[in-house]
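Engineer: Top line first, the protein sequences correspond to chains S and C.
If you read the first sequence in our numbering, its first letter stands for residue 37, the second for the next number, and so on.
If you read the second sequence in our numbering, its first letter stands for residue 687, the second for the next number, and so on.
Hints are computed from structural coordinates only; laboratory data are not their basis.
Worth double-checking, as some hints may not be accurate.
[What the hints assert, rightly or not] Beyond 12 Å from chain C on every Cβ pair, some chain S residues (computed):
| no. | residue |
| --- | --- |
| 1 | G43 |
| 2 | L231 |
| 3 | V373 |
| 4 | W480 |
[Unchecked claim] Selected chain S positions facing chain C (in silico; Cβ < 7 Å):
| no. | residue |
| --- | --- |
| 5 | E57 |
| 6 | I58 |
| 7 | E331 |
| 8 | K333 |
| 9 | A336 |
| 10 | N337 |
| 11 | L378 |
Model, not experiment: these values are computed from the prediction.
Note that beta-carbon positions come from the ideal geometry of N, C-alpha and C, so glycine has one too.
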Amino acid sequence: MANFFRGVIRASAFIRKEIFEILRQPRLVATLVLGPFLILFVFGIGYRDQPRSLRTLFVAQANSAIAAQDIEKYGKSMSAFLVYAGVTDNLDAALEQLHRGQVDLVIVEPSDAASTITNNQQALFVLYHHEIDPTQVSYVDYLGWLFVGEVNQQVLRSFAVQGQKDAVNMHANLQEAHQNALAMRQALQSGDDALALQKEQALTGNVDAISLAAGATLGLLDSLHPAKDVNAGPAQSLLNELRQSASQPGSTAGTKDERLARVDKIDKDITDLDARITEFQSIDPDIIISPFRSETKGVANLQPSVSDFFAPAVLALLLQHLAVTFAALSIVRERNVGTMELFRVSPLSAGEALFGKYISYMLFGGVIATILSALLVLALHVPMLGNWWYFALVVCAVLFTSLGIGFAISIVSQTDSQAVQYSMIILLASVFFSGFIMSLEMLWSPVRVISWMLPTTYGTLLLRDIALRGVDPNWGLLGGLIAIGLGLMFISWLLMRRLIMSSH
Amino acid sequence: MAVASPTDTDQSPPVQIKDSVISAQHLTKKFGDEIVVNDISFDVPRASIFGFIGPSGSGKTTTVRLLTGVYTPTTGQVIVFDHSPDKFSQAERARLGYMPQLFVLYPNLTVWENLNFAASLYGMGLFRGKRLKEALKFVELYEHRGKLARNISGGMLRRLSLAATLVHDPQLLFLDEPTAGIDPVLRRKFWDRFRELKDQGRTIFITTQYVSEADNCDLVGVQNNGKLLLVDTPQGLRQHAYGGEMVDFQTAQEFDFQAEARLRALSFVRAKTIRTGPNSLRILVDQASTATPDLMGWAQQQNIQVKSLEPYVPSFEDVFVELVRPEVEHG
């Protein structure tokens, strides 16, 4: 028991020593607290959730298929993404402006769009940019896709408008067909077969005219309704049925009742088709060409802002970096100062030294985490939907595991600068692989092994779940994090034992 | 019975040692091809002050590190408290006090905090404040206890190191140049304290560049170029250095060459005499206590009027130079 208490006293020497040494550096403490807070604060007020608008110059040849005003219209219709900078017919001059940074994007209209499309090929818009940032290049690609989509929509819109105009003629033909069907019915009822035949011929002419006028209009009309027949939409089916009924041999064929029934069927088809045409005409052309839209609805308890979303990741990354750096410098400094020689002669064990250092840095990291979390929640209003105790548990686990990394670094490092460099590599790896700036799903699966070796990865996911989703921590993740920490502690203990106990 | 047995065969009779706390046998330490400690053997008796003197780079610090277990010997064996230092238990380590040559505590801690840290390292209980205060008062740092270590002088840092070594009241102290950079008054105080500790039964192994401090030791080892030239008492070292003891002989008249030749022919006078003036000589004799009355009698027979005749005790600097001279002359 006495040995145990002496061990506790020896470990406590490090707790006091490390805390005093840190407190002697108030600027360091202030930087550790205020630095991340200010970064998040400035990021929060500086971040704009809007796409970048590119100053765009269009190049169209003088004999362009697309009129300059249409180009301007297309450009201005995408004002959220493009700042219309004019149209020119001089590609070289436009590219020169691009090189000089006077514009961000040059869109070159296809030179002979009409003949290209006639030859069953897509006409090509070429987008020139001066970006080297892959994300900005992707943005320009996306913008090109949006722009061509907009142009295509405008073309489709003109088709739709034309279809609605054509539908006016169809409507007249249908009215005439309806009149002829009524007249044919009356003739059949009165036994005037000659008149019935005459009206039947007129009706057949009306149906042919309707078929001719329908053209693409029926396609547009059918696009608004779900198809039952894979070969034809409802309007097209109706027209086919009408044509079939109207083209049957001689209206005198069959009994009177059969003939009357056929006329009724034709008239019903005409009425139905007319109703559909009327409906088509009443629809906005923009709805016709883009009948569907999407809307996203999250089922999470909260939709955080971008800075809110990053706050847990910043906290996890800061705590990891703080713990790794402090621990990494801790033992290498003991070695450089020469205290390791003193430790070797003294009764101090590796476990006691490590235990003392773990506790001191956990306490220090805990205080920093508490202050920073309070600032985030109270000053920046970052939401905290979950349980604070779970939050604290995750913070402790992140600190514990990060300290293990730091101590392992410290024991294998020969100099301060080596230890700092290793710590910076861990930081850099965390920025890229922990899901801090991009989702883990964007990484190739084997590379994610690195992600799962970093405390920040676990910390970010767990703290986000607790703070922003308000759920309990994923115990599997938390267990994994603590298991890594225990493994690192064991490795650090072995290395420290060799360092303290073995002589040269 | 252990024996101080320097490797140099041309030595005075070895000192007989009972109950040794440290026993080093044929210790050699190499770093690469460089031999830093070269086949040294010696024993340190319990409750004694064992001084290790030698010039800078002679291997003193490496020897201390071998004895404390910081280094393992390339060949040879060290036994401390009946164990090899690398097999020490925590309890045995707690009986040691080690003051390294350089300050190895923390510049960002205060004097008190540093000492408190050292006391905790040795598992001293929570009520250790009194011991800390005593240790600091002894090294005259109590008034400076609130100062950061980085803000005190080099001498004060040495004093703090010494306080940190003594604070847990160790049985065996390894002090590597504890008086370097300390003013003479405080050095004397340190040595008084070391002797007190010895009287209380503590054993002290101490290295120093101040050769004169060897006089304070019970046994002195002289090390040069990694070799242990000699281990003996301070008096024994003097005798060994000059081959005997010396007396200063001063006459009223000028001492002529013929009289000097007759003097050298006396049986108790060694061949070597040194002229220190026209009427004074320094004479090497077997034993100063017996040679003095014989010299007085010889002077009366020769009608030589003696102005003074007294033993001469050479400084340890001179003794050290004499001891090291053959090593230097042989390259």
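Engineer: Taking the least C-beta to C-beta distance, is S/A336 closer than 7 Å to chain C?
Structural biologist: Because about 47 Å separates S/A336 from the closest Cβ in chain C, which is outside the 7 Å limit, the hint is violated.
Engineer: Given S/E331 as an interface hint, is its Cβ closer than 7 Å to any Cβ of chain C?
Structural biologist: violated, 60 Å
Engineer: Does the interface hint hold: is S/E57 within less than 7 Å of chain C, judged Cβ to Cβ?
Structural biologist: Result: holds, 5 Å to nearest chain C Cβ.
Engineer: At a threshold of 7 Å, is the proposed contact between S/K333 and chain C supported by beta-carbon distances?
Structural biologist: Violated, about 56 Å.
Engineer: Let me know if the C-beta of S/L378 comes in closer than 7 Å to any C-beta of chain C, holds or violated.
Structural biologist: Constraint on S/L378 satisfied, holds at 5 Å.
Engineer: Evaluate the condition: distance from the CB of S/L231 to the nearest CB of chain C exceeds 12 Å.
Structural biologist: Given a closest Cβ separation of 117 Å, the condition holds.
Engineer: Is the nearest Cβ of chain C still more than 12 Å from the Cβ of S/W480?
Structural biologist: holds, 46 Å
Engineer: Min Cβ distance, S/N337 to chain C: is it shorter than 7 Å?
Structural biologist: Violated: closest Cβ of chain C sits about 47 Å from S/N337, beyond 7 Å.
Engineer: Would you check whether the claim that S/G43 is not at the interface survives, using Cβ distances to chain C and the 12 Å cut-off?
Structural biologist: Not fine: 7 Å to the nearest Cβ puts S/G43 too close to chain C.
Engineer: Have a go at the S/I58 hint: is there a Cβ in chain C nearer than 7 Å to its own Cβ?
Structural biologist: At 9 Å from the nearest chain C Cβ, S/I58 fails the 7 Å test, so the hint is violated.
Engineer: A cut-off of 12 Å on Cβ-Cβ distance, and S/V373 was said to be off the interface with chain C. Does that hold?
Structural biologist: violated, 6 Å
Hint compliance for this structure: hints 1, 3, 6, 7, 8, 9, 10 are not met, and every other hint is.
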